[in-house]
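J.: Sequence:
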Amino acid sequence: MAWNLLEGWSCLGLRRARRNAAQRSSYMQPELQHRDTVRLHRWGNWIVATDGGVDVPKSAGVGILLSSLHSSEIIEKASINCGARPCSYRTESRALLLALERLMIPRIQHRHKTLLVVTDSQSLLAALNKGPLSQTDWTEDQIWQRLLTLTCAGWSVHLQFCYGHCGVHANELADQYATQTMETGQYTEHEIAHIWHTDLLTCFTTLLTNKWRSTIRQDTHRYSLCGTRPSDLSGKDLITQEVIHRQELVHLARARCGESELWGRLYWAVRDCTNQFRFCNISPEQSAYMRSNNDPTAPGTDAFPRRQEMKTSLQ
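Start counting the sequence shown at 1; every next residue gets the next number (UniProt numbering).
For the record, the hints were derived by calculation from the structure and aren't laboratory data.
Given the structure is predicted, the values throughout are model-derived calculations rather than measurements.
Note that CB positions come from ideal geometry on N, CA and C, so glycine has one too.
Hints may contain errors.
[As the list claims (entries may be wrong)] Okay, derived cross-link-like pairs now, BS3-like style, lysine-lysine, Cα gap no bigger than 27 angstroms in a straight line: (1) K58 with K77; (2) K113 with K77; (3) K130 with K113; (4) K211 with K58.
[To be verified] Per label pair, the in silico range of CB-to-CB distance: (5) G164 with S134: 56 to 64 angstroms; (6) H165 with C203: 50 to 58 angstroms; (7) E76 with A255: 34 to 42 angstroms; (8) I244 with S68: 27 to 35 angstroms; (9) L125 with I75: 17 to 25 angstroms; (10) T240 with H70: 25 to 33 angstroms; (11) E248 with F161: 32 to 40 angstroms; (12) Q247 with D219: 28 to 36 angstroms; (13) E76 with E183: 19 to 27 angstroms; (14) I192 with L148: 39 to 47 angstroms; (15) W212 with H70: 44 to 52 angstroms; (16) H221 with T198: 31 to 39 angstroms; (17) Q145 with G185: 28 to 36 angstroms.
Given the sequences, and given the hints that come with them, work out the whole structure.
T.: Below you can see the structure in the form of structure tokens.
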């Protein structure tokens, strides 16, 4: 019991440790050999941070090789131009492929065989998590080919997600390098990554959307509030940006459905009513308007007769 109360640096503990040193050396030798083996596969040997940047029409996918997770010393770096119309996912995936191909494959015969890859693309890790046989895109398939090449050579690879711009040192260095590369236009790879078919479809969609937006009237009150944006369903006031409370959200939802009790008779007289299925919510003004236009779906017509009230009698 007294032994447990002693400080680790006390004289008694030191003398006792010396007496047991010879006894421990006999069974500590295999443990020391195991530690030497594990030390070769610790996660601090090779650190690769990847990041992608898009600033249309500039883009970059970069990867940097660090000596440790918190070191500012960049051993080697690589960058590639991802084209004028890439998406963020495209740059992130190309950055990881470039880092594996240019930074790690040449070091495949190195003594230390442990790699930690840091990325802020959660969607890329989710796509790779499906496995090598489920990849349908060329880039993800090539990434898996590089990962399998490393693992077959005895490497241990760990892909680690981190949130961007939250203070992770390795990710911040990769982000700074991506920004610098886009500003200077100096890439380590001279070729430009081929355009992705998804980005091509997005480009066509953007062109058609801009063409449609040019036809919108700009002299309306709605345009002064929303511009060319669609209806705002974020739950915030368009003018004050204050959060709308629950009752106001209910009124907005009923107004969009045309079932708000705030609409008066003038609204129903002017509004072009369409066929509805929830006749229990139709007001008498709506029903009269629909019957005046000979609407066959109006309540009270032959197609949808009114329900007769049940007569009760007290005897």
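J.: For each hint, tell me whether it holds in the structure or not.
T.: Status of the hints after comparison with the structure:
1. K58 with K77: holds, 19 angstroms
2. K113 with K77: holds, 19 angstroms
3. K130 with K113: holds, 24 angstroms
4. K211 with K58: The given pair, whose Cα atoms are some 23 angstroms apart, holds under the 27 angstroms limit.
5. G164 with S134: 56 to 64 angstroms: The hint (56 to 64 angstroms, Cβ to Cβ) is violated, given that G164 and S134 are roughly 26 angstroms apart.
6. H165 with C203: 50 to 58 angstroms: About 27 angstroms separates the Cβ atoms of H165 and C203, which means 50 to 58 angstroms is violated.
7. E76 with A255: 34 to 42 angstroms: violated, 60 angstroms
8. I244 with S68: 27 to 35 angstroms: violated, 49 angstroms
9. L125 with I75: 17 to 25 angstroms: holds, 24 angstroms
10. T240 with H70: 25 to 33 angstroms: violated, 44 angstroms
11. E248 with F161: 32 to 40 angstroms: For E248 and F161 the Cβ distance comes to about 38 angstroms; the hint holds.
12. Q247 with D219: 28 to 36 angstroms: The hinted range 28 to 36 angstroms holds for Q247 and D219, with Cβ atoms some 33 angstroms apart.
13. E76 with E183: 19 to 27 angstroms: holds, 21 angstroms
14. I192 with L148: 39 to 47 angstroms: violated, 27 angstroms
15. W212 with H70: 44 to 52 angstroms: Because 50 angstroms falls inside the window, the suggested range holds.
16. H221 with T198: 31 to 39 angstroms: holds, 37 angstroms
17. Q145 with G185: 28 to 36 angstroms: With Cβ atoms ~30 angstroms apart, the hint holds.
Hints 5, 6, 7, 8, 10, 14 from the list above are not met by this structure, while the remaining hints are.
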